[in-house]
Structure formats: C-alpha cells, structure tokens
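Engineer: This is what each chain is made of:
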Amino acid sequence: MEGHAGLLARQFSRLARELGRPAGLLLSFVLAACGQGSDGPTPAKMEGAASALQAEGSRPATKASAMSYQSELANYVAAIEGAQKSIREQPDNSLLKLETVTLYIERARLTGNYADYRQAELLLESAAAQTGPLSKACIAQAQLHYALHRLGAAGAALDACPASVAPELVAGLRADIAFYSGRYLEAEAIYVQLVNQVGTAQQYIRLALLRSRMGFPGEAAAFLEAAEKRFHGRSPATRAWLKLQRGVIAFDRGRIDEAIALYKLASDELPGWWLVDEHLAEAKRVGADMAGARAMYDDLVKRTGMPEHMDALARVLRESENPAAANAWVERAGMIYRERLKSFPEASASHAVDHFLQFGTPVEALALARRSAQLRPFGDALIALATAQFRAGLAGEAAVSIEGVLKSGWNTPQLHAVAAMIHAGLGRSAEADAARNRALALNRLAMRMYPLASPVQSELGP
Amino acid sequence: MRCVLAPLACLVCIAAAAAMEPAYTPRSDGEVLERLTTPRLPGMASLSELRNQWLAQPAHLPAALDYARAALELHRRDEDPRYLGYAEAALRPWFDRPRPPPEVVLMRAGVRVARMDVAGAEQDLNALIESAAPERHAARLTRAHLRLTQGDPAAALADCQTVAGSVSPLVAASCLAGARGLAGDSAGALASLDQALGANAEAPLSIANAAFIMAAELALRLGLEDVARAHFERALARMRAAQTTDPGLLAAYADFLLDRSEAVQVRALLAPYPRHDTLVLRLALAERALGLAGDATAVGAADEHTRNLVRRFRDMRLRLDTTHLREQAKLELQLRQDPKGALRLIQSSWAKLREPIDARIYLRAALDSREPEAARPVLDWLARTGLQDVRLASELAAVRAALPR
Numbered sequence: 001m002e003g004h005a006g007l008l009a010r011q012f013s014r015l016a017r018e019l020g021r022p023a024g025l026l027l028s029f030v031l032a033a034c035g036q037g038s039d040g041p042t043p044a045k046m047e048g049a050a051s052a053l054q055a056e057g058s059r060p061a062t063k064a065s066a067m068s069y070q071s072e073l074a075n076y077v078a079a080i081e082g083a084q085k086s087i088r089e090q091p092d093n094s095l096l097k098l099e100t101v102t103l104y105i106e107r108a109r110l111t112g113n114y115a116d117y118r119q120a121e122l123l124l125e126s127a128a129a130q131t132g133p134l135s136k137a138c139i140a141q142a143q144l145h146y147a148l149h150r151l152g153a154a155g156a157a158l159d160a161c162p163a164s165v166a167p168e169l170v171a172g173l174r175a176d177i178a179f180y181s182g183r184y185l186e187a188e189a190i191y192v193q194l195v196n197q198v199g200t201a202q203q204y205i206r207l208a209l210l211r212s213r214m215g216f217p218g219e220a221a222a223f224l225e226a227a228e229k230r231f232h233g234r235s236p237a238t239r240a241w242l243k244l245q246r247g248v249i250a251f252d253r254g255r256i257d258e259a260i261a262l263y264k265l266a267s268d269e270l271p272g273w274w275l276v277d278e279h280l281a282e283a284k285r286v287g288a289d290m291a292g293a294r295a296m297y298d299d300l301v302k303r304t305g306m307p308e309h310m311d312a313l314a315r316v317l318r319e320s321e322n323p324a325a326a327n328a329w330v331e332r333a334g335m336i337y338r339e340r341l342k343s344f345p346e347a348s349a350s351h352a353v354d355h356f357l358q359f360g361t362p363v364e365a366l367a368l369a370r371r372s373a374q375l376r377p378f379g380d381a382l383i384a385l386a387t388a389q390f391r392a393g394l395a396g397e398a399a400v401s402i403e404g405v406l407k408s409g410w411n412t413p414q415l416h417a418v419a420a421m422i423h424a425g426l427g428r429s430a431e432a433d434a435a436r437n438r439a440l441a442l443n444r445l446a447m448r449m450y451p452l453a454s455p456v457q458s459e460l461g462p
Numbered sequence: 463m464r465c466v467l468a469p470l471a472c473l474v475c476i477a478a479a480a481a482m483e484p485a486y487t488p489r490s491d492g493e494v495l496e497r498l499t500t501p502r503l504p505g506m507a508s509l510s511e512l513r514n515q516w517l518a519q520p521a522h523l524p525a526a527l528d529y530a531r532a533a534l535e536l537h538r539r540d541e542d543p544r545y546l547g548y549a550e551a552a553l554r555p556w557f558d559r560p561r562p563p564p565e566v567v568l569m570r571a572g573v574r575v576a577r578m579d580v581a582g583a584e585q586d587l588n589a590l591i592e593s594a595a596p597e598r599h600a601a602r603l604t605r606a607h608l609r610l611t612q613g614d615p616a617a618a619l620a621d622c623q624t625v626a627g628s629v630s631p632l633v634a635a636s637c638l639a640g641a642r643g644l645a646g647d648s649a650g651a652l653a654s655l656d657q658a659l660g661a662n663a664e665a666p667l668s669i670a671n672a673a674f675i676m677a678a679e680l681a682l683r684l685g686l687e688d689v690a691r692a693h694f695e696r697a698l699a700r701m702r703a704a705q706t707t708d709p710g711l712l713a714a715y716a717d718f719l720l721d722r723s724e725a726v727q728v729r730a731l732l733a734p735y736p737r738h739d740t741l742v743l744r745l746a747l748a749e750r751a752l753g754l755a756g757d758a759t760a761v762g763a764a765d766e767h768t769r770n771l772v773r774r775f776r777d778m779r780l781r782l783d784t785t786h787l788r789e790q791a792k793l794e795l796q797l798r799q800d801p802k803g804a805l806r807l808i809q810s811s812w813a814k815l816r817e818p819i820d821a822r823i824y825l826r827a828a829l830d831s832r833e834p835e836a837a838r839p840v841l842d843w844l845a846r847t848g849l850q851d852v853r854l855a856s857e858l859a860a861v862r863a864a865l866p867r
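From first to last, the protein sequence lines stand for chains A and B.
When the letters of the first sequence are read in order and numbered with our numbering, they come out as residues 1 to 462.
When the letters of the second sequence are read in order and numbered with our numbering, they come out as residues 463 to 867.
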C-alpha cells in the first residue's frame, strides 16, 4: 500500500529535485511546485530564473547530444573541484564562495544528495564570517533556506537584498515562499505578473505548477508547453525536466500511458537521470507492471541509495513471492531518514512523513507531519497532516485539516480522494461521496492512486 | 448453484433440500421475489465496480485488495456470507502462495475468524506478529480481540499492552478496557474507557462505536443500566447518522432492551433488518414477548421468524458453516424451548467463544436441562478469569445451589 502522503506528495517533492540545474549547463528553472511534496531532498524550486539564464549564457556548454546524467554530474563535480581549488588559492574571495554555493545547491538538486546543502551552508557561513553579512549573497542564502524548507529565513534573506538585485528574482522567490506558505492568491498574482512582464520559460513553469495544484491541469500542461517553446538553452536537464513535468501532470490526471510516453521523452533528453526513472517506475507500478517497476526500483536503489527508493522497492517487494525481502529496505530507509532528521530537521520532515506513515507508528508520523505542515503550510503538507491525523485516530482533526485545504483553493485528485476516505471514516456518507466524485472527475484512478491508510484496527470488525 | 464439477453432489444437495421444503415457484414473471440493491460503501465505488476492476486485472493485488476489502466490510455490515466468498475468490491467488503479502495474510485472518476458523486465523496472526511487516500491529490487536472473545483476559491484556503504543489512543483504551473488564475490573476499565472516549470524541466511526459498545458492556456487568443505555444510544445515533449498519451494536442493544422488557423498542429497532440472522433472532424474541403480552399479530410474526431462523441455521450447518452457534442456542433455549438442544449447541460454541453472553446462555441451558453439572466449564472459567457480571448472578446462584456440595 502506498503510504499516506501518497504518490502525489512524492511527486511533488520530486519536482524539487527536478529543477536541478547542471552546472555548466544550467537548468535555471525553478520549479515552483517542485519540491513541494515530501520526498525530494531538494525542495527548492524557484530559483532565480535570471541568474540561471545568465549562467546558461556564461558557462561552458557541453554538446547536448552527448549529455547524460553521468556526464552532467561529472560537469558539476569538475566545476566544484575547480571552484574549491580556486577558493584555496583565494581564500578571501567571498564572491567565489558564493558561486560555489550555487554549484552545490544545483548539484544537490540534480543528485538529491543532502551533503551538498551542508557544504553550501558552510561556505555561506565562511563567506559571511570573512566580510560580514553579504547583501550580494541574499539570493543564494534565500535559495538555500528555501531548499531546506526554512521559509521564514528565506524571506528574511530576501528582505536583505539590495536594490541592485534583479527584482524579478526577488519577486519570484517571494511568490514561491507565498505558495509554500499556503498564500496561493498572492503567489499567483506575482507569477502572472512575472509571466506578463518577464515572460521567460521559468515564469511559465511557476504558473503552470501552481495552476496544476488549483484544479487546472490542462491549463498547466499548456503553460508547460509554452515554457518549452520559450526555452532556448542547451541544458538537456532542463529539457528533460520540462517533459517530466508534463508527464507528472498527465500522471496526476490518471493518464498513465501518456505519462509514461512523456517520461520516456524526458529520459531521451537526459538518459540515466534517476529523477525521471523514479517517475517511470512509479507509473509502471500504478499501471500494474510490477516486474518492470521492481527492476527499476532495484536499479534506482543501487544507483542512488535514496530512502525514497528503498521504500518504493519495499512496497513492490511486499507484493512479491517473498514479502519479507522488503523488511531490510524498510529498516535501512528508516535509519537514513532518522539520520537526515538529525542533520536537516526542517528539510527532511516532509520527506520522512511517507515512510513513517506506512512503516512507523502513528505517533511518529503525526509528529513529523505536524512539523512539516508548520514549516510549509501548503496543500500537500496539510494533506499529509490530515492523513497522519486520521491514521492516529484523530479523524475529526483530520477532517478539519482537509476542509482547510479545500477552502484554500487547493484542488487536486489526492485532496479529494483523501477527503472522501476521511469523511467515510467519520460516517459522513454524503460528504464522502461528493469528495469521491470530485476526485474521480480529476483523475479516474484517484481512489486507487492515493489510498489512505486506516488507523490500525482489529480485523474482527467493529 | 453451479453443477459442473460435481453434478452428483449437487443433485444430492438439491434433493436433500427439496425433501426438507418444497421449492417455491413464482406465479408469474412479474412477481417480485426480492429487491436487490447494488452494495456500496460510502466514499467508495460500488462492489460491482470494484469487481469489474478486479476482473480486468485479476493478478493486480491492489485491485484484488480493494474488492476484497469492500466485500469484507459489507460482510460485517450485512452478515451475508457470500461476501466472504467474494473476498476469498479475489485473494485466492495470493492465499495459495507459501508466503502471501502481509496485507493478504491479515485479511485472510479476518475471513477465517468470520468463518470461525480460529486456528487458521491464529496461524496467520502469529505469523504476522513475528514478522517485521507493519501489519504486525493490526495482527496483534486482532489477536487481542480474539483472545477476548475466547475468554482469555491475561493473554489479551499482554497483547493490548504490547500494541498500545502503535495504535490510536482510543483503540488502545478499548483493548485494555476489554481485557481488564474480563479479568474482573470492570469499574476501573469503564472509568479509563470513558476518559478515553471523552478525549477522542471524533475518532473514526468504527473505532468510536467499538469503544461505546465496550463501555456499555462494562457498565452492564456493573449493573449501571443508565450508563449502558447512554453509551448504546450514542453509538446508535452515530450509526444512523452514517446510514450504515452495525449488527453487533444492534444485537447488544436489543439484548439490553429485552432484558428490560422493552420489546416494543426492540421491534422498532430491528424491523429494518430482516436479513440479519442475529437481529431476526432478537426481533423474534421481542415479538414473542409482545405476543405473551396480548399482541396477536406479534405471535404470528414471531412464529414466522422462528421458522425462518430454523431453516437458515439448518442450511448453514448443511454448508458446514459453524457460525452463529450462540444464536442458534439462544433460539433453541428461548424460542423453541429446547434447553437440551441449546446446551449441546452452546457447548460446541464454548470451545471457541467465551464471552459473558455465552456464559449466560450456557448457565441457563444447563439449568433448564436439569444438567447443572454441565455448567462446570463456565464456573471454572469464571473462577479462572475473575469476571464479575451482575447479569450472571441469578443463574450462577441457581447452578451453584443445584450442584452437589
């Protein structure tokens, strides 16, 4: 059974990672709705499009046709090694450190490796220790806080930005913060303004991701196509990411075949990118190709060592001829999540919720979900909170949480599917049926794709 | 009935059935025999939709689980054993595996309990409890409840205590209260459970109502009738608001009302449930009481319901279905005035079910059969558990008085 936070939450969190921008090549997009969710180690999305695009123009490019995830990663490794060497040679050069911070953040997005966030943080601290607060570092600082789910600190960093910083960068990040704070109207107003005034691919992406969560997936897909048309860079990762997002929107509409086709196009753009592969694996699982999904998750676990992939593999193994094979992966994933929660308490809370909802105790899951929703009170985090509350037997509180999301304007199949199951649990038949109908209108597979784990009960029945 | 593989056996069955009662032939094509509704649970697809989805992907476990889960839930609601068959059919490919998925094992345990295959259910539950699967918590909780129905409070308490940290507070409180109450501390158990109910007012319906029923039962053991009635009525209000059916609640409440000679209320309560054997039994008891009080129409209704129940129980035994032995014993004891038959039935049931209600039927059947010695297992059980229940007092006193000193 898929854990409560469900597929959607995981998808969204992927978005975070999706935005990775390969050093040197640059994927400067931000993906707003990306990291939303729970899983991705990299939440940040909306980074400054401007800086990204500038970087795209200034950094050495690799031939797109020769690019793969491995070569993209190798570029980052080389760029960071070079930057570190330069820092050793010029230890007082704070601007160099800031550039390197950006490289670490970008590589973290590409790989999902939290250690790079730590490196970025250390470098920022080092630069600030040398010269005092760096106004020019405001964007990098904000991006890092944002990626680590520290919305308040990210906003404070933006407040410190001097007037010389491109206003669209600041505005975009402020809107992203508004989005993850649940202030969707405010976010949308800025996104629309950025589309109309700046009109770059990144602005379309931001608007697309927001609209996809507001119940307008067709419109969101059109915005993504518009973004693709406006993207003239050479980054295969960006092109892959854009196709991946279109696939995610199709997936969330229950159009699994279409999603798989788009994911494959994404994979063609940047072969070997785990982010694309995990989406493909998930689509296979939902499409009942369990052997295909298992093979991909097996491979993903070996390649990435990410606990999200271990959990996904465990879910598939639980249905296999040897369900006990799942246990080792669950245990290992749990250990990694616990480590992450110590090292990155803010960033990892939302990512760990899914794991603990399915494999932990209700108390653990609820504590994490509350923390996550406190840090980023947006739709997916609040749906995860409602799920955790329901699992913990707090069905009344769960209904209040889910009603709050409904009133906020959030409008996804997962929201309605979870609402249907919570209302059903409370015996509110009419509300449950209405919510189910809304879920199915958005995604005919919604009730299967977003199952809600019930509280632990006796199988003897009431 | 499909007579493909075993036509001879089918013929034998049909012949046997025909010998017992002539087949009914409708007088015309327009005659309505039964109005069928499409079974459906709130917020879920109809059972036929889930069935179609399963049939489209019979090897896809989530589709099979969705269908089986809905069927099991409908079985709990409607007490129709066909739903158990649906669930078993959907999960059969996984049942047959040497190591089925944990969700399947848990569901199979539920099916086995419903079929009174207690040994099979325990095997499944024990396997899950010893595993690292997350279902081990639900399995342990289920085993705790199974122990309660088996009249083993110590074993139940051990499981409840172990699982308490892994379940919601009200589920834990209900489990612990059940064990404590069965061990003789109904007052303490009721106090704790009332506190938990107060603190968890908006628990899911099934959890809350299980707690209300448990609280009412504890109150009845203590003779606190008003408290019990309040708990029953709160649960009933929730059940009605949810437009669902909880046969366990209805049966327990009806027993409470029957004990207080509130037969009119029982008739109103249970009339809408003519397909539930456990409820028709209570309805017939109420009608019998009303008949004795002078309601002529109630006499005929009681007789008809009794005949129907006799036929249903007989059909169940023909199918080797050993469920509802308790109800059949109650039928023989209170509606058919056959205490010896009732005693044999409750003795069979006692091997698997040992709750206060079973003890009461057992004691009364032994007394009315003039076989007080037969009640020894109940006396031993009461001594072993320490159970205190004012509802047993008069029968207990009579049995003890009848036994040689």
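Simulated from the structure, these hints should not be mistaken for laboratory data.
By construction, the Cβ of each residue, glycine as well, lies at the ideal position given by its N, Cα and C atoms.
Possibly wrong hints are sitting among the right ones.
In silico contact screen, one side only, chain A against chain B (beta carbon under 7 Å); selected entries [what the hints assert, rightly or not]:
hint	residue
1	Gly287
2	Ala288
3	Asp289
4	Gly292
5	Thr361
6	Ala424
7	Gly427
8	Ala434
9	Arg436
10	Asn437
11	Pro455
12	Val456
Computed Cβ-Cβ distance ranges for the label pairs, DEER-style [stated by the list, open to error]:
hint	chain 1	residue 1	chain 2	residue 2	range
13	A	Ala78	B	Pro560	13 to 21 Å
14	B	Asp688	A	Glu321	28 to 36 Å
15	A	Ala189	B	Ala653	38 to 46 Å
16	A	Ala74	B	Ala663	55 to 63 Å
17	A	Gly305	B	Arg554	16 to 24 Å
18	A	Asn327	B	Phe557	39 to 47 Å
Only some residues are given here: those of chain B computed to face chain A with a beta carbon under 8 Å [to be verified]:
hint	residue
19	Arg559
20	Met778
21	Leu780
22	Leu865
Engineer: With chain B as the partner, please determine if A/Ala288 meets the hint condition of a C-beta pair closer than 7 Å.
Structural biologist: 4 Å, holds
Engineer: Using the Cβ atoms, figure out if A/Gly305 sits within 16 to 24 Å of B/Arg554.
Structural biologist: 38 Å, violated
Engineer: Hint validation: A/Ala424 versus chain B, beta carbon distance must be below 7 Å. Holds or violated?
Structural biologist: 3 Å, holds
Engineer: When the nearest CB of chain B is found for A/Asp289, is that gap smaller than 7 Å?
Structural biologist: At about 10 Å, which exceeds the 7 Å cut-off, the nearest Cβ of chain B leaves the hint on A/Asp289 violated.
Engineer: Classify the hint on A/Pro455 as holds or violated, based on whether any CB of chain B lies nearer than 7 Å to its CB.
Structural biologist: 5 Å, holds
Engineer: Are B/Met778 and chain A close enough, Cβ to Cβ, to be under 8 Å, as the hint says?
Structural biologist: Hint violated; B/Met778 Cβ to chain A Cβ min 19 Å, cut 8 Å.
Engineer: Is 38 to 46 Å a correct range for the gap between the Cβ atoms of A/Ala189 and B/Ala653?
Structural biologist: Since A/Ala189 and B/Ala653 have Cβ atoms about 56 Å apart, the given range 38 to 46 Å is violated.
Engineer: Let me know if the C-beta of A/Thr361 comes in closer than 7 Å to any C-beta of chain B, holds or violated.
Structural biologist: 5 Å, holds
Engineer: Is the shortest C-beta separation between A/Ala434 and chain B less than 7 Å?
Structural biologist: Violated - the Cβ of A/Ala434 stays beyond 7 Å from chain B, reaching only about 9 Å at its closest.
Engineer: Can the hint on B/Leu865 be confirmed by a CB-to-CB distance to chain A that is less than 8 Å?
Structural biologist: At 34 Å from the nearest chain A Cβ, B/Leu865 fails the 8 Å test, so the hint is violated.
Engineer: Honestly, do A/Asn327 and B/Phe557 meet the 39 to 47 Å range at C-beta?
Structural biologist: 21 Å, violated
Engineer: Less than 8 Å between beta-carbons is the criterion; does B/Leu780 satisfy it with respect to chain A?
Structural biologist: 26 Å, violated
Of the numbered hints listed earlier, those contradicted by the structure are 1, 3, 4, 8, 10, 13, 14, 15, 17, 18, 20, 21 and 22.
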